[in-house]
Amino acid sequence: MKLSINFLRDYLDLDKDLDVKKLAEDMTSAGNEYDDAGKLINATNLVIGEIKECTMHPDSDHLHCCKVDIGDKVLDIVCGAPNARKGLKVIVALPGAILPGGVIKKSVIRGEESNGMLCSIAELGLENKFLTEADKAGIHELPLDAKVGEDPIKYMKLDDEVIDFDLTANRGDLLSILGMAYEVGAIYDKKVKDIDLSHKENKEDLNDSFKLKINTENCSIFLAKKVKNVQIKESPDFIKNRLIASGIRPINNVVDISNYVMLETGQPLHFYDADTLKGVLEVRMAEEGEKLTTLDGIERTLKTEDIVISDGERSIGLAGVMGGLDTEITDKTKNIIIEAAIFDGVKVRRTSNSILRSEASNRFEKGLDSNRTYMAIERSCNLLEKYADAEVVGGMAKYDTTDRSDKVIDITTKNINSILGMNIKEEDILDVFRRLGFKTKVNNDVITVSVPKRRIDISIKEDLIEEVGRIYGVNNIKGKLPDIAPKMGSYDKVSRQIRNKMIDLGLSETLSYILVPENESKMFTKDDYEKVKLLDPLSEDKNTLRHSLSVALYKIYQYNKARDNKDVCIFEMGKAFQKKADEYSETNKLAALMSGDYYLGINKQKVDFYVIKGVAEEILDYLGYNSRYSFVKDKENLPEDMHPGQSALISVNNDIVGLIGKIHPSVESEDVYILEIDLDKLLSKKVSKMKYKEISKYPEVKKDIAIVVDDKVTSKDIEVNIKKAGGSLLSSSEVFDIYTGKGIPEGKKSLAYSLTFASQNRTLTDDEINKAVEKIIERLEKELKAELR
Amino acid sequence: MKDEIISIKENAIKEIKNSESLQQLNDLRVMYLGKKGKLTELLRGMGNLSKEERPIMGALVNEAKEELNSEITKREEELKKIELNKKLEEEDIDITLPSKKTRRGSKHPLNRIIEEVEDLFVSMGYDVVSGPELETDEYCFERLNLPKGHPARDMQDSFYITTEYLLRTQTSAVQARTMMANTEKTPIRVIVPGKTFRREDDATHSHQFNQVEGLVVDKNISLADLKGTLEVFMKKMLGQNTELRFRPSYFPFTEPSYEVDVSCFKCGGKGCNLCKQTGWIELLGSGIVHPNVLKMNGYDPDKYSGFAFGVGLDRLAMFKYGITDIRLLYQNDVRFLKQFDRKDEEYEIKY
Numbered sequence: 001m002k003l004s005i006n007f008l009r010d011y012l013d014l015d016k017d018l019d020v021k022k023l024a025e026d027m028t029s030a031g032n033e034y035d036d037a038g039k040l041i042n043a044t045n046l047v048i049g050e051i052k053e054c055t056m057h058p059d060s061d062h063l064h065c066c067k068v069d070i071g072d073k074v075l076d077i078v079c080g081a082p083n084a085r086k087g088l089k090v091i092v093a094l095p096g097a098i099l100p101g102g103v104i105k106k107s108v109i110r111g112e113e114s115n116g117m118l119c120s121i122a123e124l125g126l127e128n129k130f131l132t133e134a135d136k137a138g139i140h141e142l143p144l145d146a147k148v149g150e151d152p153i154k155y156m157k158l159d160d161e162v163i164d165f166d167l168t169a170n171r172g173d174l175l176s177i178l179g180m181a182y183e184v185g186a187i188y189d190k191k192v193k194d195i196d197l198s199h200k201e202n203k204e205d206l207n208d209s210f211k212l213k214i215n216t217e218n219c220s221i222f223l224a225k226k227v228k229n230v231q232i233k234e235s236p237d238f239i240k241n242r243l244i245a246s247g248i249r250p251i252n253n254v255v256d257i258s259n260y261v262m263l264e265t266g267q268p269l270h271f272y273d274a275d276t277l278k279g280v281l282e283v284r285m286a287e288e289g290e291k292l293t294t295l296d297g298i299e300r301t302l303k304t305e306d307i308v309i310s311d312g313e314r315s316i317g318l319a320g321v322m323g324g325l326d327t328e329i330t331d332k333t334k335n336i337i338i339e340a341a342i343f344d345g346v347k348v349r350r351t352s353n354s355i356l357r358s359e360a361s362n363r364f365e366k367g368l369d370s371n372r373t374y375m376a377i378e379r380s381c382n383l384l385e386k387y388a389d390a391e392v393v394g395g396m397a398k399y400d401t402t403d404r405s406d407k408v409i410d411i412t413t414k415n416i417n418s419i420l421g422m423n424i425k426e427e428d429i430l431d432v433f434r435r436l437g438f439k440t441k442v443n444n445d446v447i448t449v450s451v452p453k454r455r456i457d458i459s460i461k462e463d464l465i466e467e468v469g470r471i472y473g474v475n476n477i478k479g480k481l482p483d484i485a486p487k488m489g490s491y492d493k494v495s496r497q498i499r500n501k502m503i504d505l506g507l508s509e510t511l512s513y514i515l516v517p518e519n520e521s522k523m524f525t526k527d528d529y530e531k532v533k534l535l536d537p538l539s540e541d542k543n544t545l546r547h548s549l550s551v552a553l554y555k556i557y558q559y560n561k562a563r564d565n566k567d568v569c570i571f572e573m574g575k576a577f578q579k580k581a582d583e584y585s586e587t588n589k590l591a592a593l594m595s596g597d598y599y600l601g602i603n604k605q606k607v608d609f610y611v612i613k614g615v616a617e618e619i620l621d622y623l624g625y626n627s628r629y630s631f632v633k634d635k636e637n638l639p640e641d642m643h644p645g646q647s648a649l650i651s652v653n654n655d656i657v658g659l660i661g662k663i664h665p666s667v668e669s670e671d672v673y674i675l676e677i678d679l680d681k682l683l684s685k686k687v688s689k690m691k692y693k694e695i696s697k698y699p700e701v702k703k704d705i706a707i708v709v710d711d712k713v714t715s716k717d718i719e720v721n722i723k724k725a726g727g728s729l730l731s732s733s734e735v736f737d738i739y740t741g742k743g744i745p746e747g748k749k750s751l752a753y754s755l756t757f758a759s760q761n762r763t764l765t766d767d768e769i770n771k772a773v774e775k776i777i778e779r780l781e782k783e784l785k786a787e788l789r
Numbered sequence: 001m002k003d004e005i006i007s008i009k010e011n012a013i014k015e016i017k018n019s020e021s022l023q024q025l026n027d028l029r030v031m032y033l034g035k036k037g038k039l040t041e042l043l044r045g046m047g048n049l050s051k052e053e054r055p056i057m058g059a060l061v062n063e064a065k066e067e068l069n070s071e072i073t074k075r076e077e078e079l080k081k082i083e084l085n086k087k088l089e090e091e092d093i094d095i096t097l098p099s100k101k102t103r104r105g106s107k108h109p110l111n112r113i114i115e116e117v118e119d120l121f122v123s124m125g126y127d128v129v130s131g132p133e134l135e136t137d138e139y140c141f142e143r144l145n146l147p148k149g150h151p152a153r154d155m156q157d158s159f160y161i162t163t164e165y166l167l168r169t170q171t172s173a174v175q176a177r178t179m180m181a182n183t184e185k186t187p188i189r190v191i192v193p194g195k196t197f198r199r200e201d202d203a204t205h206s207h208q209f210n211q212v213e214g215l216v217v218d219k220n221i222s223l224a225d226l227k228g229t230l231e232v233f234m235k236k237m238l239g240q241n242t243e244l245r246f247r248p249s250y251f252p253f254t255e256p257s258y259e260v261d262v263s264c265f266k267c268g269g270k271g272c273n274l275c276k277q278t279g280w281i282e283l284l285g286s287g288i289v290h291p292n293v294l295k296m297n298g299y300d301p302d303k304y305s306g307f308a309f310g311v312g313l314d315r316l317a318m319f320k321y322g323i324t325d326i327r328l329l330y331q332n333d334v335r336f337l338k339q340f341d342r343k344d345e346e347y348e349i350k351y
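Just so you know, the sequences run in chain order W and Z.
When we follow our numbering, the leftmost residue of the first sequence carries the number 1, and every step to the right adds one.
When we follow our numbering, the leftmost residue of the second sequence carries the number 1, and every step to the right adds one.
Only chain W is shown next, with the shape it has when bound in the complex (with noise of 0.2 Å):
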């Protein structure tokens, strides 16, 4: 909302020196953010200049010397506008002058001294849509009257100030002139003064020639007036001023008394060409499918959500957001049917979010009060019969299901001071709700409020508080920490335990976007869930939620490989997203990506699956489930965009709880490795305590054994098989060596383990440590068909 000071100043005695800026502090203190403040108008050092000569510049084709009086002196100036000529009166920049485009220099235009610059209306700082014909092709022609050597911005009563204002959702009254007088009122403890309504009517009854129907209860009060033979014709300057400082294009008196009122009332309304009608007006919802031409010209298809006008056989408005074309007031206008009404909110907004957002469906979303109605409808006549000289026709056509008392809430000083922590008095908060206008009456400590209903924003004590929290200030409060007993606070220390684990082992975290392109929201992922999509996506490439967290790490890691990172080892907690049978539900995840080089201590190494492997059993072990998983290589649950012999799904207490391994080839070149760790379905399982376990004192006995087996024999078949035949001598066993090549026959590998055998209660004889190894290599000969190396 852009409040022009001059229009404001018609309801308020403001002070003459008035700080705009302070203003708009004020307001803001008051709740009521604002984006800008300052002068309609940003030039200086103008005046009013008349052109004494005007010819030709000799080296130019459309360029002019022009001799300007400025009252005090004459000044050369050349000018290039088309326009310029003797005896015009004129705008001149002296040099020193900032304009919106620059400063003004004395200078020579080829040749010729030029000491200023004759000024168009678009060089003062004005939008173009403001601007007339005249006004877009040249400078600005001032009328014979204006006085040379004065200011042009007064003269053309332009020295207006004008706050943009951010309002809140809730302060529709303050769309309006009004409404913003009994605010600022309010601030500075001013009254508002009264609207003048006063207009002749004749002794004509509209009722008798002119009918209402209203046939929904979206629309809750609709006045008609009608007012003949105006004279179309440009509106007074202080009109057209006030409409540019607020934003809106002038077009003609009657467009912009509807516009002017507007701006003053808050209340829409709407002008008919009372010609074009058939002496009646309908409200109706829409027939879907019912198709009607706007203003703009163009053909809406409309739904049965939308609320229209008829003139009892067709459409002809879109309630709230913008009249028909046939019925519009054009140059040949002479009868007017005014509307003012009221349209449910709800349905205005979701008509004009498809079709147009205008200053009337604005107003109409954030709620009116019927009290402006029959203002507005009255004080357009005022200003018809003033400026377009309209006879007003004797009676109203009227519909009204509104009430328009005062809403009366009851509050006490303790309910105020008990929510705003404060200790304000009884007097000070009837004052208060005085300058706001607002009606009291105290009974012993209940203060009856009564709240006229311009202030649409409240019904409630609360909102009573908030009022008075606005008005006298909350800054002064003494701030202090809520009185509740004390007790300990929780957190989700296991997530954080996970995180601070991933960061020990090397990774750096990320936070991805969960929104990623469709055909990548899959990825990494082998069920029959389906796709969550976005209704309305911004961008193809962020449609749809991922359905797992790898993907988003994959992302990143893209991101890093197109600006040339290696060694991107990272990890994230995060959700995924899934839907099946129209249940959408999100899983929490662990997932890691490993790519180029991991540091081991001291040693580099290149990633392979080995080393993401590590980083898997590490967190399984640091939760608890050592000894409790297994990496399962299971090719028809693995998803297609994983390497097949370099991944495997993990497996705890033989329940699939993850994936591991190396992405697929095709669809990434470099050796690229995730993980990923459905952490819901992981710590759902039950680990037991961390307890300590007795230490031996007696000495372990270490034995290596080399065997050389098939290619096929997995490193976990053996693990196994020396586990069965140790027995409960052997505490451990470790691969200590891989060996393929000279010496080994193709086909066949050699590992090397190394065996631990201790007893918790004896020294343990060589004889039966030797026992042991020996019924080790037996079995594992039996069973792997292993050889001794």
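Relax, there's no trap hidden among the hints.
Simulated pairs of lysine to any residue, SDA-like, Cα-Cα distance not exceeding 25 Å:
1. Z:Lys338 to W:Asp671
2. W:Lys542 to Z:Thr163
3. Z:Lys107 to W:Ile498
4. Z:Lys270 to W:Gly38
In short, the hints are calculated from the structure, not lab data.
Starting from the known structure of chain W, fit chain Z onto it as the hints suggest.
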């Protein structure tokens, strides 16, 4: 014979003193003092001597032996010292060569901020709770006093999945969930950090961003409690000298509602480019929980009151670490991520 003893001894001393290694010294010991050593030989040859001479010579030989022993020990220590020095010299290294270290990863700056906020509020007895990111219209809007068609919904352009499901536009959605779940009506003190989503993307807005919501509900909660809590919060995050300014505003779920500005931590309130010369930075939305919100979520507004606040964590992180473009937080360039591996500067809060 006496001369012989003296000459052997003097030779030996000379050789000992000139010996250059422990090995050589040991050889000398064997040569002079060993079983077949020169002095030992002399003792053996004493049989040829007279009775009178024998003890005298014997004493002389033993004296010489002792003297040599002590010389050898002396030299041995010297040589050991020399060899140690030599060894130390050989082991001298260039300590400026690169170190060998394990590489730790780093924590994302936003999660650093979240952890800092969590730690502060947990220490004040708050529970950190979370809720779905794919939220229902009911919890995201309706239960927060924002019925369908409410103009304030424009403040938050949303990503809808269906007419009922959307990506939550605010962590406030968890307010309703928390109140609904607390059937015992014990005092509520929660914060909700998490991802939120709005349909806008530019240099200052990311369609995905992070908020932390705070909610306190009990008997007799007032604006003074909100102010005190936010003062502690902001001083912890931005420094002890931070001041707060409450500006009335409008949020459908609180009444009264306030935007909270903090004094500019860059210029201390004097005015600079960060605070656009105002001395204040708009940072939080807050207010007293709207009675409709209490009612809709099972609380009697005549008995209970509460406050709620919300703050954008992205901006806090950007302020704290001097990050100038919000997109950096979500691009995850590893050169960016790896910078966040230091402990945080801790602000002391005096209250």
